[in-house]
Amino acid sequence: MTAPSVPAPAGTAPPPDRPSPETGSSGGGPETRPRKRLTPYWLLLPAGLWLAVFFVAPFFYQASTSVQSGSLEEGFRVTWAFSNYADALATYGPHFLRSFLYASIATLLCLLIGYPLAYTIAFRAGRWRSLLLVMVIAPFFTSFLIRTLAWKTILSDGGPVVGVLESLHVLDVTALLGLTGDDRLLATPLAVVCGLTYNFLPFMILPLYSSLERIDLSLHEAARDLYAEPATVFRKVTFPLSMPGVVAGTLLTFIPASGDYINAQLLGSPNTQMVGNAIQKQFLNVLDYPAAAAMSFILMAIILVVVTLYMRRTGTEELV
Amino acid sequence: MNARTQGPAPVRWLRRNAVVLAGLAALVYLLLPNVVVMLFSFNKPAGRFNYEWREFSTGAWTDPCGVADMCGSLGLSLQIAVLSTLVATAFGTFAAFALARYRFRGKGTGNALIFLPMAMPEVVMGASLGTLFLNTRVDFGFVTILIAHIMFCLSFVVVAVKARVMSMDPRLEEAARDLYAGPFQTFLRVTLPLAAPGIAAGAMLSFALSFDDFIITQFNAGPSTVTFPMFVWGAAQRGVPVQVNVIGTAMFLIAVAVVLVGQFTASRRRSRS
Amino acid sequence: MTITLSGVSKVFGGFTAVHPLDLTIPEGSFFALLGASGCGKTTTLRMIAGLEEPTDGTIRLGDDDITRLPPHKRPVNTVFQNYALFPHLDVAENVAFGLRRRGISSVRKQVEETLELVELGPLAKRKPRQLSGGQQQRVALARALINRPRVLLLDEPLGALDLKLRRQMQLELKRIQTEVGITFVHVTHDQEEAMTMADTVAVMNRGRVVQLGAPDELYENPRSTFAANFLGTSNLIEAEILAVEGAELRLKAVGADSVLRLPVERCAVEEPRAGGKVLVGVRPEKISLTHAADAEDSDASGTIPEGSNVLTGRIRDAGYLGVSLQYVVDSPVCSEFSVYEPNVERDTRLTRGTEVVLHWRPSHTFALDAAQDAEAGTAEEAL
Numbered sequence: 001m002t003a004p005s006v007p008a009p010a011g012t013a014p015p016p017d018r019p020s021p022e023t024g025s026s027g028g029g030p031e032t033r034p035r036k037r038l039t040p041y042w043l044l045l046p047a048g049l050w051l052a053v054f055f056v057a058p059f060f061y062q063a064s065t066s067v068q069s070g071s072l073e074e075g076f077r078v079t080w081a082f083s084n085y086a087d088a089l090a091t092y093g094p095h096f097l098r099s100f101l102y103a104s105i106a107t108l109l110c111l112l113i114g115y116p117l118a119y120t121i122a123f124r125a126g127r128w129r130s131l132l133l134v135m136v137i138a139p140f141f142t143s144f145l146i147r148t149l150a151w152k153t154i155l156s157d158g159g160p161v162v163g164v165l166e167s168l169h170v171l172d173v174t175a176l177l178g179l180t181g182d183d184r185l186l187a188t189p190l191a192v193v194c195g196l197t198y199n200f201l202p203f204m205i206l207p208l209y210s211s212l213e214r215i216d217l218s219l220h221e222a223a224r225d226l227y228a229e230p231a232t233v234f235r236k237v238t239f240p241l242s243m244p245g246v247v248a249g250t251l252l253t254f255i256p257a258s259g260d261y262i263n264a265q266l267l268g269s270p271n272t273q274m275v276g277n278a279i280q281k282q283f284l285n286v287l288d289y290p291a292a293a294a295m296s297f298i299l300m301a302i303i304l305v306v307v308t309l310y311m312r313r314t315g316t317e318e319l320v
Numbered sequence: 001m002n003a004r005t006q007g008p009a010p011v012r013w014l015r016r017n018a019v020v021l022a023g024l025a026a027l028v029y030l031l032l033p034n035v036v037v038m039l040f041s042f043n044k045p046a047g048r049f050n051y052e053w054r055e056f057s058t059g060a061w062t063d064p065c066g067v068a069d070m071c072g073s074l075g076l077s078l079q080i081a082v083l084s085t086l087v088a089t090a091f092g093t094f095a096a097f098a099l100a101r102y103r104f105r106g107k108g109t110g111n112a113l114i115f116l117p118m119a120m121p122e123v124v125m126g127a128s129l130g131t132l133f134l135n136t137r138v139d140f141g142f143v144t145i146l147i148a149h150i151m152f153c154l155s156f157v158v159v160a161v162k163a164r165v166m167s168m169d170p171r172l173e174e175a176a177r178d179l180y181a182g183p184f185q186t187f188l189r190v191t192l193p194l195a196a197p198g199i200a201a202g203a204m205l206s207f208a209l210s211f212d213d214f215i216i217t218q219f220n221a222g223p224s225t226v227t228f229p230m231f232v233w234g235a236a237q238r239g240v241p242v243q244v245n246v247i248g249t250a251m252f253l254i255a256v257a258v259v260l261v262g263q264f265t266a267s268r269r270r271s272r273s
Numbered sequence: 001m002t003i004t005l006s007g008v009s010k011v012f013g014g015f016t017a018v019h020p021l022d023l024t025i026p027e028g029s030f031f032a033l034l035g036a037s038g039c040g041k042t043t044t045l046r047m048i049a050g051l052e053e054p055t056d057g058t059i060r061l062g063d064d065d066i067t068r069l070p071p072h073k074r075p076v077n078t079v080f081q082n083y084a085l086f087p088h089l090d091v092a093e094n095v096a097f098g099l100r101r102r103g104i105s106s107v108r109k110q111v112e113e114t115l116e117l118v119e120l121g122p123l124a125k126r127k128p129r130q131l132s133g134g135q136q137q138r139v140a141l142a143r144a145l146i147n148r149p150r151v152l153l154l155d156e157p158l159g160a161l162d163l164k165l166r167r168q169m170q171l172e173l174k175r176i177q178t179e180v181g182i183t184f185v186h187v188t189h190d191q192e193e194a195m196t197m198a199d200t201v202a203v204m205n206r207g208r209v210v211q212l213g214a215p216d217e218l219y220e221n222p223r224s225t226f227a228a229n230f231l232g233t234s235n236l237i238e239a240e241i242l243a244v245e246g247a248e249l250r251l252k253a254v255g256a257d258s259v260l261r262l263p264v265e266r267c268a269v270e271e272p273r274a275g276g277k278v279l280v281g282v283r284p285e286k287i288s289l290t291h292a293a294d295a296e297d298s299d300a301s302g303t304i305p306e307g308s309n310v311l312t313g314r315i316r317d318a319g320y321l322g323v324s325l326q327y328v329v330d331s332p333v334c335s336e337f338s339v340y341e342p343n344v345e346r347d348t349r350l351t352r353g354t355e356v357v358l359h360w361r362p363s364h365t366f367a368l369d370a371a372q373d374a375e376a377g378t379a380e381e382a383l
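Chains as they are written, first to last, in UniProt numbering: chain A, 1 to 320; chain B, 1 to 273; chain C, 1 to 383.
It is worth saying that the hints were derived from the structure and are not from the lab. Among the hints, erroneous ones may be present.
Claimed, not checked - As a list, the in silico DSSO-like pairs of lysine-lysine whose alpha-carbon atoms are at most 30 Å apart: (1) C:Lys109 with C:Lys125; (2) A:Lys36 with B:Lys44; (3) A:Lys36 with C:Lys286; (4) C:Lys125 with C:Lys73; (5) C:Lys174 with C:Lys286; (6) C:Lys174 with C:Lys164.
Said to hold, decoys possible - Here are the computed distance ranges between Cβ atoms for each label pair: (7) A:Leu131 with B:Pro183: 13 to 23 Å; (8) B:Gln237 with A:Pro94: 22 to 32 Å; (9) C:Glu336 with B:Ser267: 38 to 48 Å.
Claimed, not checked - Examples of chain B residues lying across from chain A (beta carbon under 8 Å, computed): (10) Val20; (11) Phe187; (12) Gln218; (13) Val240; (14) Val244.
None of the values given here were measured: they were computed from a predicted structure. C-beta: ideal position from N, C-alpha, C; glycine also.
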């Protein structure tokens with residue numbers, strides 16, 4: 001999603017408004033011969049068909065399921081039970097709220113934590129650059145569930161982290177904000193947010209890095225030459241130029257975080273459950289498929305709206 | 001005049017390197033769990049859970065498959081990852097060439113179809129695909145997991161290969177045609193080798209995604225098909241054996257070693273010439 | 001092998017890149033297609049290579065019609081703009097590529113010989129990105145030449161090199177062409193490059209060949225404002241024909257009283273008549289400058305030869321270039337007269353604001369159809 005769409009480089013005649021026959025175009029290519037005109041469709045067919053059947057079609061099944069009623073024993077039938085949606089929002093409203101709240105905080109934290117690291121790798125790392133990049137993706141080499149479980153150890157009651165934060169009275173502050181309680185970290189909203197931030201941090205750092213790395217260093221020098229303080233250079237040059245990375249990174253963090261249920265399950269408590277937990281429970285334990293379908297539809301709709309608005313706002317639709 | 005020139009030396013040093021220090025702190029945050037996983041692979045826990053340090057032991061390392069079903073689930077995960085990578089890489093590469101190289105009606109729809117799975121939370125994709133299988137009465141198991149994995153890996157392969165193909169100079173293929181290579185020879189000798197890094201990146205990404213996937217898998221797995229992440233999830237409820245940490249650590253070390261060796265030889269080759 | 005293009009045209013969508021074109025490129029010649037970017041020269045070259053299929057017309061190589069032949073079946077090779085060296089193959093494998101595709105297995109000796117020809121023997125195992133621009137250019141040349149093509153096509157082959165290297169490679173390309181005796185078709189936007197190397201130059205503009213001929217002929221006797229301005233610099237003056245006297249035309253420049261003369265054969269207008277309008281041209285280096293005071297005093301050193309075309313003006317700018325002196329002269333007929341004087345006997349009085357007399361021989365004068373844009377082909381027009 002970071003690759004900007006540019007005109008197809010070969011096999012196509014230039015459009016009439018851009019008469020540049022001087023470089024790489026081949027009129028003898030696909031467009032002039034009818035047999036070859038079908039080539040892109042054949043190439044696209046396997047992947048397109050796969051996604052149509054196993055990605056698009058399921059949404060229609062899900063849409064129909066979401067307005068069914070009945071029970072597992074008697075079977076479900078479409079009764080246009082739109083009450084499923086109202087029920088889902090009534091019962092799991094707090095779950096939705098928590099999902100988007102936690103995901104937003106985690107995205108913000110990822111940006112705040114990830115930016116300095118991406119900046120360091122891009123501009124200050126010198127010959128350590130590739131080693132640091134390896135270290136950013138290295139966590140992926142261990143299954144993320146195992147790593148999330150490790151946070152249970154790190155944040156455990158009576159562990160060093162809790163001890164330090166307690167003696168610094170940090171836990172008192174977070175308790176006031178409603179993020180922790182009972183002088184513990186585990187089973188609190190803070191632990192869930194911490195886990196979400198941790199899990200999706202590399203998805204923030206990598207796009208940030210790739211857009212920072214493309215910035216010509218002479219732009220920094222030009223800005224300094226034109227009387228900009230270092231902070232101003234960052235505010236007026238570096239940060240605006242890294243916007244594509246910021247947008248891509250926040251989307252890659254926010255979307256999966258808002259649908260996540262693993263961190264809430266492993267690091268949280270019943271009071272920190274997110275909408276993912278509710279969908280998972282309804283689908284896999286309660287087997288109330290209409291409820292699960294309705295919730296996942298609502299989640300999808302909200303995310304699509306948020307993402308569209310966000311991308312329009314930041315003017316980066318062409319990123320797709 | 002400049003804020004950087006004020007204050008005693010240590011303060012100046014801190015100011016200059018604040019970004020680097022913050023970056024290194026972020027790195028510690030990223031790597032801390034790996035260190036804990038590694039450390040606790042040598043633990044000898046008191047109960048069923050491996051969350052608190054008791055005493056040093058190499059017991060788990062000498063008997064990695066000592067836990068029932070764990071190594072079996074590892075094998076299953078590898079099998080699924082290899083198969084879904086093969087299919088997703090082939091299909092994704094075709095699609096990437098279509099989208100990068102041709103102009104055709106429906107290209108926008110094609111791009112959107114490829115992009116959407118990456119903009120969808122896994123729980124939504126998992127639940128809806130599960131609904132499809134439920135409604136069409138397909139039995140959950142190996143095949144449904146494989147279908148799901150190919151589905152979400154496809155987009156990532158397309159993105160990786162497409163980026164590479166778009167950056168390739170079309171004149172190279174013209175040069176090949178000019179130098180007596182027919183269409184097939186041109187593809188084999190020039191196009192494919194040039195696109196190879198993108199294809200390899202897509203394949204590696206899709207292997208990693210498939211091997212480590214939990215959410216979509218959970219919605220589309222049968223009761224008897226337990227992948228490694230599903231085993232770990234189950235263990236988290238019942239009791240986590242130390243062997244899980246051993247596997248996690250081993251995977252980490254092997255992968256880091258492979259990457260470092262690759263980097264080392266690449267830089268050696270560069271410096272030699 | 002002679003290349004013959006008959007009525008060859010190329011249309012992209014609604015844009016005509018090449019208008020129906022008839023061109024004969026004789027065997028063994030060094031032929032240049034010269035023009036600004038977008039003039040259709042590269043499209044013409046690519047049609048000869050087979051990389052572009054003509055919309056209409058036929059291309060023949062000797063007696064064979066190759067119009068519909070795919071590029072890999074044509075005995076024609078190309079040195080691409082920016083070289084298009086295969087980045088994944090080393091120099092030797094790049095050079096051997098064409099031979100291998102034609103099923104020749106023992107390529108070592110030929111590769112060595114060809115690399116010797118371009119003086120790259122020791123670099124055979126390097127990858128293209130480890131070479132300098134000039135070295136890459138030689139590899140591209142070797143990769144094409146090793147196939148002993150009937151025709152070698154060069155698409156802006158020296159465009160990416162710096163000036164000094166470009167001069168050196170120009171001579172080298174010429175040497176190699178003489179050595180191997182293959183027909184070279186060379187596309188360039190650099191008039192100096194075309195003139196240095198080619199036997200015949202075709203000047204192209206907007207998909208048409210505007211003039212074709214030997215470099216000196218093109219330069220000395222341009223037939224259109226585009227040719228006059230694109231090849232070097234020309235001073236163009238609007239004038240009216242006063243009379244046709246035998247082999248000579250007498251003209252009056254618009255805005256001046258003096259009468260200008262030129263030979264009839266140097267007039268591009270067919271059947272010039274009295275009262276007709278033309279653009280009179282003269283190259284800057286053909287003009288001499290004389291201080292106005294000397295011109296009046298017929299005994300002084302800088303006298304004006306009898307029969308010269310004469311105009312008056314005032315120096316607006318004077319530049320010292322070492323090898324020559326360049327002046328911009330304001331005159332009633334033309335606001336920016338360019339004049340190059342060889343730096344032999346420098347008249348130090350000729351500074352800004354000096355009144356001068358410009359004079360040149362009638363045989364150095366040419367006349368063009370006044371119905372054209374006088375600015376066509378100039379650098380300003382390109383902007």
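Hint-by-hint comparison with the structure:
1. C:Lys109 with C:Lys125: 15 Å, holds
2. A:Lys36 with B:Lys44: With Cα atoms ~65 Å apart, lysine 36 of chain A and lysine 44 of chain B exceed 30 Å; violated.
3. A:Lys36 with C:Lys286: Status violated; Cα separation ~58 Å.
4. C:Lys125 with C:Lys73: Holds, at roughly 29 Å.
5. C:Lys174 with C:Lys286: 29 Å, holds
6. C:Lys174 with C:Lys164: 16 Å, holds
7. A:Leu131 with B:Pro183: 13 to 23 Å: Given range 13 to 23 Å: violated, Cβ gap about 43 Å.
8. B:Gln237 with A:Pro94: 22 to 32 Å: Given a distance of about 24 Å, which is inside 22 to 32 Å, the answer is holds.
9. C:Glu336 with B:Ser267: 38 to 48 Å: 58 Å, violated
10. Val20: Check passed: Cβ of valine 20 of chain B comes within 5 Å of chain A, closer than 8 Å.
11. Phe187: 12 Å, violated
12. Gln218: 7 Å, holds
13. Val240: 6 Å, holds
14. Val244: 6 Å, holds
Checked against the numbered hints given earlier, the structure breaks hints 2, 3, 7, 9, 11 and satisfies all the rest.
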